[in-house]
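Visitor: These are the residues of each chain, in order.
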Amino acid sequence: MTEGPGQGEGGGRMRERRTTLEDGRYLIYYTFDGEDGGGEGAASERPEPSEEAEAERNV
Amino acid sequence: MSELRWNPLLGEWVATATHRQGRTFLPPADFCPLCPTKPGGFPTEVPEETYDIVVFENRFPSLRPAPPPPAVEGSGLYPVSPGAGQCEVIVYTPHHTSTLADEPVEQVYKLVRVWADRFAELGAEPYADYVFIFENKGEAIGVTLHHPHGQIYAYPFTPPVVARELEQSRSHMERTGRCLVCDITGEERRDGRRVVAENDSFVAVIPFFARYPYEVHVYSVRHLQALTDMSEAELRDLASVLKAMTSAFDRLFGLSFPYMMVLHQRPTDGGSYEHYHFHVEFYPPLRTAVKLKYLAGSEAGAGVFINDTLAEEKAAELRSKVEPVVWGEGGRAA
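Those protein sequence lines, which keep their order, are chains S and V. Going by this note's numbering, the first sequence opens with residue 1, and the numbers climb by one from there. Going by this note's numbering, the second sequence opens with residue 60, and the numbers climb by one from there.
Please note that the accuracy of each hint is not assured.
One-sided excerpt, in silico: chain V residues whose CB lies under 8 Å from chain S [unchecked claim]:
#1 D111
#2 F115
#3 D259
#4 S299
#5 V300
#6 A303
#7 V381
Quick list of the computed label-pair ranges, beta carbon to beta carbon [to be verified]:
#8 V:T109 - S:E56: 36 to 44 Å
#9 S:R17 - V:G236: 42 to 50 Å
#10 V:F193 - S:R13: 22 to 30 Å
Keep in mind that the hints were calculated from the coordinates and are not lab data. For clarity, every value in this text was computed on a predicted model and none was experimentally measured. Ideal Cβ placement from N, Cα and C applies to all residues, glycine included.
Let's have the full structure, built from the sequences with the hints guiding it.
Guide: Following this line, the structure appears as structure tokens:
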């Protein structure tokens, strides 16, 4: 099991588990530990938006 | 058999992959190769009973790391090269009837993180000059499997469409000192008429030069070249805007909207591409609920797209279908 990008940065930990299929192809299972609902950590990475920018954001 | 044949007229490679003619074509749900394998059931590509996101080598690849010798001998006029590269399938969810639009944004975020991981890993391979992440969705596009999935191709060269964008970007920077996509994004935000969705990190527009009625480009606000340049917040915002756009597409006509989605990132050949700018492009073929935009003579033969619609009108229509993306709900629409 190896760990991928995004770990320890406010997101759920991503893990990968590799296996080999019968015909020799590789297959990688990605799993994510812990549900991540967005969190304060992510928001704190962004600079404070202006009121105008705030109004334009719709997603 | 797979190989690369050089087209001297256009100066580009064509990949032949004759074994793909026999690939699985629209199987019934009980025989879906991308679903998890049920105990005692049909053995699929995925041996386990469930998964979050899974990636595997394509059973019918157009390119592979150790390709067979070409089927034909090349010549000075027609060089031939073994089809070296990689083709992966990335399965978005174990739920057969779901789509990216139906999945909760948290799942889309997981997908974005897996994309970044695949870009980094495949990009480090010696055969990979370009890692191309894409999705073909819907029978109208020609998909052969309904289960929600995308693909990743590692090409041994920079593909022509990206090569043109790179040249346009380089030329613009040389002329103006500025990034082309940064200028496009700035102009679109100032104008506003073609902006469909926006958050802190991304702007989605129907481009001024749209070729398809509902063509959408998603540009990063910050000047960066690849998923691996993004912060955690930017990866989340990308998931939000992709969820928003795919959901808005479905609301247009109240149906699961077909599209091609492609990620344009920097090449992975070790070169410097500071002049380039990450973006996602959507090419939906529908122009109404029942009519397709076909690539006919002018498009396919001359490279000149004819768009029967105005980008500003279509953007207003699509923008009205965009809804805010809420994290933490966790529900699946389908």
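Visitor: Work down the list of hints and note, for each, if the structure agrees.
Guide: Hint check results:
no.	hint	result
1	D111	5 Å, holds
2	F115	4 Å, holds
3	D259	5 Å, holds
4	S299	5 Å, holds
5	V300	5 Å, holds
6	A303	4 Å, holds
7	V381	6 Å, holds
8	V:T109 - S:E56: 36 to 44 Å	40 Å, holds
9	S:R17 - V:G236: 42 to 50 Å	47 Å, holds
10	V:F193 - S:R13: 22 to 30 Å	27 Å, holds
This entry satisfies every hint, going by the numbered hints stated previously.
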